[in-house]
Amino acid sequence: MRYNGPFAYALPLLATAVAARLSIVPSTIPEGPSEVTFTSSEYGLDAPKVSPLNRTTYDWWYFDVVSDGKCNNGSDTGLSAMTIVFHTAGGPEAFPPLAYLYRQNFTSANLVQISTTFANGTTFTALLNATEAYFMPIGNGVSSIFDAGDAGGGAFSGTADLSHYTLNINAPRFGVNGSIVFDSIAPAHYPAGPISAGQDMRMSPHVGWANAMPDARAESKFMVRGEELNVSGVGYHDKNWGDKAFDEDVDYWYWGHGRVGPYSIVWFDYMGINGETAVSSYVAKDGQILASAYSGITVRPFGENSTYPPLTSTGAPSGYHIVADTPDGVLTVDAHSDTMILGFSGDMYNRWVGRLTGGLNNNTDLEGVGLFEQFAFNEG
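All the letters of the sequence shown, read from the start, carry residue numbers -20 to -1, 1 to 360 under mature numbering (1 follows the signal peptide of the UniProt record, and there is no 0).
Simulated from the structure, these hints should not be mistaken for lab results. Predicted model only: the values in this text are computed from it and were never measured. Please note that a few of the clues may not be correct.
Pair ranges (Cβ atoms, derived) [stated by the list, open to error]:
1) Tyr80 <-> Glu207: 21 to 31 Å
2) Ala79 <-> Arg280: 22 to 32 Å
3) Glu347 <-> Thr105: 26 to 36 Å
4) Asp308 <-> Pro10: 42 to 52 Å
5) Glu11 <-> Thr287: 35 to 45 Å
For every residue, glycine included, the Cβ atom is placed at its ideal position computed from N, Cα and C.
Throw the hints in and build the complete structure from the sequences for me.
Structure (C-alpha coordinates):
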(Lines of atoms letter the chains of each structure in order from A and count residues from 1; the text may use other names and numbers.)
(Lines give C-alpha, C1' and ligand atoms only; values in the text may rest on other atoms or scores of the structure.)
Protein backbone atom coordinates (compact mmCIF):
# COMPACT_ATOMS: atom_id res chain seq x y z
CA MET A 1 0.00 0.00 0.00
CA ARG A 2 1.32 3.41 -0.87
CA TYR A 3 1.25 5.53 2.28
CA ASN A 4 -0.17 8.73 0.91
CA GLY A 5 -3.53 10.46 0.75
CA PRO A 6 -5.91 9.16 3.43
CA PHE A 7 -3.24 6.91 4.96
CA ALA A 8 -0.69 9.61 5.69
CA TYR A 9 -2.14 10.09 9.17
CA ALA A 10 -1.21 6.51 10.06
CA LEU A 11 2.54 6.93 9.73
CA PRO A 12 3.04 8.67 13.10
CA LEU A 13 1.01 5.90 14.72
CA LEU A 14 3.35 3.22 13.43
CA ALA A 15 6.40 5.28 14.35
CA THR A 16 5.30 5.57 17.97
CA ALA A 17 4.13 1.96 17.98
CA VAL A 18 7.71 0.73 17.82
CA ALA A 19 7.96 1.51 21.51
CA ALA A 20 4.37 0.48 22.23
CA ARG A 21 2.38 -2.74 21.87
CA LEU A 22 2.48 -3.11 18.10
CA SER A 23 1.31 -6.48 16.82
CA ILE A 24 1.70 -7.67 13.24
CA VAL A 25 -0.45 -10.38 11.66
CA PRO A 26 1.28 -12.00 8.64
CA SER A 27 -0.62 -13.10 5.56
CA THR A 28 0.31 -16.75 6.08
CA ILE A 29 -1.14 -18.86 8.88
CA PRO A 30 1.31 -20.60 11.21
CA GLU A 31 0.76 -24.06 12.62
CA GLY A 32 0.45 -24.51 16.35
CA PRO A 33 -1.71 -23.32 19.26
CA SER A 34 -3.28 -19.88 19.64
CA GLU A 35 -3.81 -17.87 22.80
CA VAL A 36 -7.37 -16.52 22.80
CA THR A 37 -8.64 -13.99 25.35
CA PHE A 38 -12.22 -14.18 26.64
CA THR A 39 -11.89 -12.26 29.93
CA SER A 40 -11.82 -8.47 29.81
CA SER A 41 -9.05 -6.28 31.21
CA GLU A 42 -9.10 -2.68 32.37
CA TYR A 43 -8.09 -1.63 28.85
CA GLY A 44 -7.87 -3.22 25.42
CA LEU A 45 -11.53 -3.67 24.52
CA ASP A 46 -10.83 -3.28 20.79
CA ALA A 47 -7.37 -4.87 20.78
CA PRO A 48 -6.63 -8.18 19.01
CA LYS A 49 -7.82 -11.16 21.04
CA VAL A 50 -6.07 -14.01 19.17
CA SER A 51 -2.31 -14.52 19.06
CA PRO A 52 -1.18 -16.03 16.80
CA LEU A 53 -3.88 -17.12 14.36
CA ASN A 54 -4.14 -20.78 13.49
CA ARG A 55 -6.41 -22.84 11.25
CA THR A 56 -9.39 -22.71 13.62
CA THR A 57 -9.22 -19.15 14.99
CA TYR A 58 -10.40 -15.77 13.73
CA ASP A 59 -10.63 -12.14 14.84
CA TRP A 60 -12.50 -9.39 13.02
CA TRP A 61 -13.36 -5.68 13.30
CA TYR A 62 -16.73 -4.61 11.87
CA PHE A 63 -17.95 -1.09 10.96
CA ASP A 64 -21.15 0.18 9.36
CA VAL A 65 -23.11 3.34 8.66
CA VAL A 66 -26.77 3.54 7.56
CA SER A 67 -28.49 6.67 6.30
CA ASP A 68 -31.13 7.94 8.72
CA GLY A 69 -33.42 9.60 6.16
CA LYS A 70 -37.04 8.60 5.66
CA CYS A 71 -37.57 5.48 3.60
CA ASN A 72 -40.48 3.85 1.79
CA ASN A 73 -41.70 0.28 1.48
CA GLY A 74 -40.43 -1.72 -1.47
CA SER A 75 -37.10 -2.30 -3.12
CA ASP A 76 -36.17 1.40 -3.22
CA THR A 77 -36.07 2.05 0.51
CA GLY A 78 -34.17 5.28 0.24
CA LEU A 79 -31.57 3.79 2.60
CA SER A 80 -27.90 3.83 1.68
CA ALA A 81 -25.24 2.05 3.69
CA MET A 82 -21.63 0.98 3.93
CA THR A 83 -20.25 -2.00 5.83
CA ILE A 84 -16.54 -2.67 6.13
CA VAL A 85 -15.03 -5.69 7.87
CA PHE A 86 -11.34 -6.14 8.63
CA HIS A 87 -10.81 -9.90 8.89
CA THR A 88 -7.92 -11.82 10.34
CA ALA A 89 -8.90 -15.46 9.94
CA GLY A 90 -7.27 -18.85 9.77
CA GLY A 91 -8.86 -19.71 6.45
CA PRO A 92 -12.17 -21.31 5.43
CA GLU A 93 -11.79 -23.94 8.15
CA ALA A 94 -12.01 -21.22 10.79
CA PHE A 95 -14.79 -19.13 9.23
CA PRO A 96 -16.73 -20.94 6.47
CA PRO A 97 -18.63 -17.83 5.23
CA LEU A 98 -15.28 -16.69 3.78
CA ALA A 99 -14.79 -19.93 1.84
CA TYR A 100 -16.04 -18.44 -1.44
CA LEU A 101 -13.34 -15.78 -1.20
CA TYR A 102 -10.58 -18.35 -0.87
CA ARG A 103 -11.90 -20.06 -3.98
CA GLN A 104 -11.39 -16.73 -5.77
CA ASN A 105 -7.75 -16.56 -4.61
CA PHE A 106 -8.34 -14.22 -1.68
CA THR A 107 -6.13 -16.45 0.43
CA SER A 108 -4.45 -14.04 2.83
CA ALA A 109 -5.19 -14.32 6.54
CA ASN A 110 -5.90 -10.58 6.38
CA LEU A 111 -8.89 -9.53 4.27
CA VAL A 112 -10.80 -6.26 3.96
CA GLN A 113 -14.42 -6.69 2.88
CA ILE A 114 -16.09 -3.51 1.59
CA SER A 115 -19.85 -3.59 0.93
CA THR A 116 -21.71 -0.58 -0.44
CA THR A 117 -25.45 -0.03 -0.83
CA PHE A 118 -27.00 2.82 -2.79
CA ALA A 119 -30.44 4.25 -2.02
CA ASN A 120 -31.97 2.44 -5.01
CA GLY A 121 -30.88 -0.92 -3.59
CA THR A 122 -27.85 -1.37 -5.87
CA THR A 123 -25.01 -3.11 -4.05
CA PHE A 124 -21.31 -3.53 -4.74
CA THR A 125 -18.64 -5.49 -2.87
CA ALA A 126 -14.86 -5.12 -3.08
CA LEU A 127 -12.23 -7.28 -1.38
CA LEU A 128 -8.61 -6.62 -0.54
CA ASN A 129 -5.99 -9.32 0.03
CA ALA A 130 -3.80 -7.62 2.64
CA THR A 131 -0.22 -8.77 3.02
CA GLU A 132 0.20 -7.71 6.64
CA ALA A 133 -2.10 -6.22 9.26
CA TYR A 134 -0.74 -3.92 11.97
CA PHE A 135 -2.46 -3.22 15.30
CA MET A 136 -1.60 -0.79 18.06
CA PRO A 137 -3.94 -0.70 21.09
CA ILE A 138 -4.47 2.71 22.70
CA GLY A 139 -6.43 2.50 25.95
CA ASN A 140 -9.64 0.73 24.93
CA GLY A 141 -9.23 1.76 21.30
CA VAL A 142 -6.94 0.49 18.59
CA SER A 143 -5.30 1.76 15.41
CA SER A 144 -4.75 -0.60 12.51
CA ILE A 145 -3.46 -0.74 8.94
CA PHE A 146 -4.23 -3.55 6.48
CA ASP A 147 -1.57 -3.23 3.76
CA ALA A 148 -2.61 -4.60 0.35
CA GLY A 149 0.41 -3.33 -1.59
CA ASP A 150 -0.37 -1.93 -5.03
CA ALA A 151 -4.05 -2.84 -4.53
CA GLY A 152 -4.29 -0.23 -1.76
CA GLY A 153 -5.47 -1.03 1.72
CA GLY A 154 -7.56 0.00 4.68
CA ALA A 155 -6.97 1.61 8.05
CA PHE A 156 -8.91 2.58 11.14
CA SER A 157 -8.01 4.49 14.27
CA GLY A 158 -9.92 4.81 17.54
CA THR A 159 -9.39 7.00 20.56
CA ALA A 160 -8.47 5.53 23.93
CA ASP A 161 -11.95 6.27 25.34
CA LEU A 162 -13.78 4.89 22.26
CA SER A 163 -15.46 8.24 21.63
CA HIS A 164 -14.20 8.66 18.06
CA TYR A 165 -13.10 6.43 15.18
CA THR A 166 -11.85 7.25 11.70
CA LEU A 167 -11.77 4.67 8.90
CA ASN A 168 -10.09 5.00 5.49
CA ILE A 169 -10.23 2.81 2.39
CA ASN A 170 -8.09 3.08 -0.73
CA ALA A 171 -8.88 0.38 -3.31
CA PRO A 172 -7.98 1.84 -6.73
CA ARG A 173 -8.34 -1.47 -8.58
CA PHE A 174 -12.01 -1.52 -7.60
CA GLY A 175 -12.55 2.22 -7.93
CA VAL A 176 -13.35 2.57 -4.21
CA ASN A 177 -11.88 5.34 -2.09
CA GLY A 178 -13.10 7.26 0.93
CA SER A 179 -13.48 7.57 4.67
CA ILE A 180 -15.97 7.25 7.53
CA VAL A 181 -15.95 9.29 10.75
CA PHE A 182 -17.74 7.93 13.84
CA ASP A 183 -18.64 9.89 17.00
CA SER A 184 -20.11 7.70 19.73
CA ILE A 185 -23.46 8.55 21.35
CA ALA A 186 -23.88 5.33 23.38
CA PRO A 187 -21.41 3.73 25.83
CA ALA A 188 -19.48 0.58 24.93
CA HIS A 189 -20.40 -2.78 26.42
CA TYR A 190 -19.64 -6.49 26.59
CA PRO A 191 -22.32 -9.21 26.25
CA ALA A 192 -23.17 -9.14 29.95
CA GLY A 193 -22.92 -5.43 30.74
CA PRO A 194 -21.02 -2.14 30.62
CA ILE A 195 -17.26 -2.39 30.19
CA SER A 196 -15.13 -3.29 33.19
CA ALA A 197 -12.28 -5.66 33.99
CA GLY A 198 -12.95 -9.32 34.67
CA GLN A 199 -16.02 -9.76 32.47
CA ASP A 200 -16.77 -12.84 30.40
CA MET A 201 -16.67 -11.58 26.81
CA ARG A 202 -18.15 -14.72 25.26
CA MET A 203 -21.42 -14.58 23.35
CA SER A 204 -21.17 -18.34 22.94
CA PRO A 205 -18.78 -20.96 24.32
CA HIS A 206 -16.30 -20.19 21.52
CA VAL A 207 -17.20 -16.69 20.19
CA GLY A 208 -16.20 -13.44 21.86
CA TRP A 209 -17.90 -10.07 21.35
CA ALA A 210 -16.93 -6.52 22.30
CA ASN A 211 -19.12 -3.60 21.20
CA ALA A 212 -16.98 -0.45 21.10
CA MET A 213 -19.65 1.76 19.49
CA PRO A 214 -23.25 0.54 19.93
CA ASP A 215 -24.49 3.75 18.31
CA ALA A 216 -22.69 6.68 16.73
CA ARG A 217 -23.21 9.71 14.58
CA ALA A 218 -21.42 8.66 11.41
CA GLU A 219 -20.61 10.24 8.10
CA SER A 220 -18.99 8.53 5.14
CA LYS A 221 -17.72 10.10 1.94
CA PHE A 222 -16.81 7.64 -0.79
CA MET A 223 -16.31 7.34 -4.51
CA VAL A 224 -17.49 3.95 -5.76
CA ARG A 225 -16.65 3.24 -9.42
CA GLY A 226 -16.99 6.90 -10.32
CA GLU A 227 -20.17 7.53 -8.35
CA GLU A 228 -20.42 9.42 -5.06
CA LEU A 229 -21.79 7.50 -2.09
CA ASN A 230 -22.08 9.81 0.89
CA VAL A 231 -23.89 8.27 3.85
CA SER A 232 -24.79 10.23 6.97
CA GLY A 233 -26.67 8.64 9.84
CA VAL A 234 -26.47 5.74 12.27
CA GLY A 235 -22.99 4.30 12.82
CA TYR A 236 -21.76 1.20 14.62
CA HIS A 237 -18.54 -0.68 15.39
CA ASP A 238 -17.84 -3.98 17.16
CA LYS A 239 -15.53 -6.98 17.00
CA ASN A 240 -15.88 -10.75 17.21
CA TRP A 241 -13.32 -13.50 17.59
CA GLY A 242 -13.23 -17.22 18.25
CA ASP A 243 -11.11 -20.21 19.21
CA LYS A 244 -12.99 -22.88 17.26
CA ALA A 245 -14.27 -23.26 13.71
CA PHE A 246 -17.32 -20.99 13.53
CA ASP A 247 -19.78 -23.55 12.15
CA GLU A 248 -18.74 -26.08 14.80
CA ASP A 249 -20.05 -23.71 17.47
CA VAL A 250 -22.91 -21.76 15.86
CA ASP A 251 -26.21 -23.22 14.63
CA TYR A 252 -27.74 -19.77 14.10
CA TRP A 253 -27.50 -16.22 15.31
CA TYR A 254 -29.54 -13.08 14.93
CA TRP A 255 -27.70 -9.82 15.46
CA GLY A 256 -28.58 -6.24 14.70
CA HIS A 257 -28.50 -2.65 15.80
CA GLY A 258 -30.26 0.62 15.14
CA ARG A 259 -31.79 3.78 16.49
CA VAL A 260 -35.55 3.93 17.03
CA GLY A 261 -36.88 7.20 18.40
CA PRO A 262 -34.51 8.25 21.22
CA TYR A 263 -33.33 4.67 21.86
CA SER A 264 -30.13 2.99 20.68
CA ILE A 265 -30.64 -0.77 20.55
CA VAL A 266 -28.36 -3.76 19.90
CA TRP A 267 -29.64 -7.32 19.92
CA PHE A 268 -27.95 -10.72 19.83
CA ASP A 269 -29.65 -14.11 19.88
CA TYR A 270 -27.57 -17.29 19.51
CA MET A 271 -28.08 -21.05 19.39
CA GLY A 272 -25.23 -23.55 19.43
CA ILE A 273 -25.03 -26.79 17.50
CA ASN A 274 -26.15 -28.72 20.59
CA GLY A 275 -29.22 -26.54 21.13
CA GLU A 276 -27.84 -24.28 23.86
CA THR A 277 -29.05 -20.68 23.59
CA ALA A 278 -27.89 -17.25 24.74
CA VAL A 279 -29.04 -13.66 24.29
CA SER A 280 -27.56 -10.24 24.90
CA SER A 281 -29.62 -7.07 25.20
CA TYR A 282 -28.49 -3.46 24.96
CA VAL A 283 -30.61 -0.32 25.11
CA ALA A 284 -29.32 3.22 25.66
CA LYS A 285 -30.92 6.67 25.73
CA ASP A 286 -29.37 10.14 25.95
CA GLY A 287 -25.88 8.64 26.26
CA GLN A 288 -26.83 6.41 29.22
CA ILE A 289 -27.16 2.62 29.26
CA LEU A 290 -30.67 1.50 30.25
CA ALA A 291 -30.16 -2.23 29.75
CA SER A 292 -27.10 -4.37 29.08
CA ALA A 293 -27.22 -8.02 30.08
CA TYR A 294 -27.26 -11.68 29.08
CA SER A 295 -31.06 -11.49 29.45
CA GLY A 296 -34.08 -9.27 29.00
CA ILE A 297 -34.60 -9.63 25.25
CA THR A 298 -36.27 -11.92 22.72
CA VAL A 299 -35.68 -11.87 18.96
CA ARG A 300 -37.88 -13.84 16.57
CA PRO A 301 -38.44 -13.73 12.80
CA PHE A 302 -41.80 -12.68 11.40
CA GLY A 303 -43.62 -12.84 8.07
CA GLU A 304 -42.41 -15.01 5.22
CA ASN A 305 -39.84 -17.72 5.95
CA SER A 306 -40.18 -17.16 9.69
CA THR A 307 -39.21 -20.70 10.70
CA TYR A 308 -37.65 -20.79 14.17
CA PRO A 309 -34.96 -21.93 14.71
CA PRO A 310 -34.02 -20.76 11.21
CA LEU A 311 -32.97 -23.17 8.49
CA THR A 312 -30.85 -22.29 5.49
CA SER A 313 -33.40 -24.06 3.29
CA THR A 314 -36.37 -21.91 4.36
CA GLY A 315 -34.89 -18.63 3.16
CA ALA A 316 -34.87 -15.11 4.55
CA PRO A 317 -37.63 -13.75 6.82
CA SER A 318 -39.61 -10.51 6.38
CA GLY A 319 -38.00 -9.15 9.50
CA TYR A 320 -37.45 -9.61 13.23
CA HIS A 321 -39.66 -8.85 16.22
CA ILE A 322 -37.59 -7.68 19.18
CA VAL A 323 -38.85 -7.24 22.74
CA ALA A 324 -36.45 -5.67 25.26
CA ASP A 325 -36.96 -4.88 28.94
CA THR A 326 -35.89 -1.39 30.05
CA PRO A 327 -36.48 0.85 33.09
CA ASP A 328 -38.69 2.99 30.80
CA GLY A 329 -40.89 -0.01 30.05
CA VAL A 330 -40.97 -2.81 27.50
CA LEU A 331 -39.46 -1.65 24.20
CA THR A 332 -40.91 -3.48 21.20
CA VAL A 333 -39.22 -3.08 17.81
CA ASP A 334 -39.87 -4.59 14.41
CA ALA A 335 -36.80 -4.65 12.15
CA HIS A 336 -38.05 -4.82 8.55
CA SER A 337 -35.86 -6.65 6.02
CA ASP A 338 -36.31 -3.96 3.38
CA THR A 339 -33.06 -4.35 1.43
CA MET A 340 -30.77 -7.38 1.49
CA ILE A 341 -27.27 -5.96 1.15
CA LEU A 342 -25.23 -9.17 1.39
CA GLY A 343 -26.05 -12.79 0.70
CA PHE A 344 -29.25 -14.18 -0.84
CA SER A 345 -32.35 -15.96 0.40
CA GLY A 346 -31.37 -19.55 1.16
CA ASP A 347 -27.76 -18.64 1.92
CA MET A 348 -26.09 -19.38 5.27
CA TYR A 349 -25.62 -15.63 5.74
CA ASN A 350 -27.86 -12.61 5.09
CA ARG A 351 -27.45 -8.92 5.94
CA TRP A 352 -30.11 -6.22 5.58
CA VAL A 353 -30.82 -2.56 6.08
CA GLY A 354 -34.36 -1.56 6.92
CA ARG A 355 -36.90 0.39 8.88
CA LEU A 356 -37.30 0.02 12.63
CA THR A 357 -40.80 0.59 13.99
CA GLY A 358 -42.15 0.17 17.49
CA GLY A 359 -42.56 1.80 20.86
CA LEU A 360 -42.83 1.41 24.61
CA ASN A 361 -45.53 -0.65 26.33
CA ASN A 362 -47.39 -1.65 23.14
CA ASN A 363 -47.26 1.81 21.57
CA THR A 364 -46.13 2.12 17.95
CA ASP A 365 -45.07 5.76 17.81
CA LEU A 366 -41.31 5.27 17.31
CA GLU A 367 -39.42 4.78 14.07
CA GLY A 368 -35.85 4.64 12.86
CA VAL A 369 -33.39 2.61 10.83
CA GLY A 370 -31.14 -0.35 11.47
CA LEU A 371 -28.80 -2.95 10.03
CA PHE A 372 -29.03 -6.62 10.96
CA GLU A 373 -27.92 -10.12 9.99
CA GLN A 374 -28.67 -13.81 10.26
CA PHE A 375 -26.37 -16.83 10.22
CA ALA A 376 -28.15 -20.17 9.71
CA PHE A 377 -26.01 -23.27 9.20
CA ASN A 378 -28.70 -25.94 9.66
CA GLU A 379 -29.97 -26.89 6.21
CA GLY A 380 -32.94 -28.79 7.63
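Which earlier hints turn out false for this structure, listed by number in ascending order?
-> none
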